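Undergrad: Sequence:
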Amino acid sequence: MFKKVDPRELDFNVFSAIGDQWMLVTAGTVERCNTMTASWGGLGVLWGKPMAIAYIRPQRYTKEFMDGSEYFTLSFYGEEYREQLALCGRASGRDTDKVKQCGFTVAAGEGGAPYFEEAETVLVCRKRMVLPMPEDAVPADERERWYKGDYHHMYWGEIVEALVKR
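Take the sequence shown: its letters are residues 1 to 166, numbered as in our numbering.
Certain hints may be false.
[Said to hold, decoys possible] In the SDA-like style, the derived pairs of lysine to any residue whose C-alpha atoms are separated by at most 20 Å in a straight line are: (1) Lys63 with Gly112; (2) Lys63 with Leu87; (3) Lys127 with Glu161; (4) Lys63 with Met133.
Just so you know, the hints here were simulated from the structure itself, not pulled from any lab data.
Since the model is a prediction, treat every value here as computed from it, not as a measurement.
Between the sequences and the hints, there should be enough to build the whole structure, so can you do that?
TA: See the structure below:
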């Protein structure tokens, strides 16, 4: 069971939650969604509203779902789900039903945004802006380390619903 909270009341370390523990980025519908593990992202304020940023490479199957949806979710899990998050990071939804393989239960947040009941925290985001990462904006040393011409797209979403496990 989840309870709805004001996003400003969330009390987790965003750097650890995203960079160390990872998150799932999910889009689509309850009936047909795709998810991927992400360790890059951010939370902040834009236009006076709580916002989240997800970074998706162009070849990721999840990008198709992100592009076709008005809403997406970011969800965070306990360490007991590390294996499932690893699977969602290495397997493509084009080839396997990751949701079924992980044993996740799909639920719907605001706007019908899919998330998984196994999460500890869920951020439902209304897509507000999508920008391709400009190659010339990435420092040369980071380009060499992280990219082979497949620059991320940045998805900015207004956090319209924050859910935490009771």
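Undergrad: If a hint holds in the structure, say so; if it does not, say that too.
TA: These are the hints, each one checked on the structure:
1. Lys63 with Gly112: 18 Å, holds
2. Lys63 with Leu87: Measuring from Cα to Cα gives roughly 18 Å; hence the hint holds.
3. Lys127 with Glu161: 13 Å, holds
4. Lys63 with Met133: Holds, because 14 Å separates the two Cα atoms, which is no more than 20 Å.
Of the numbered hints given earlier, the model fails none.
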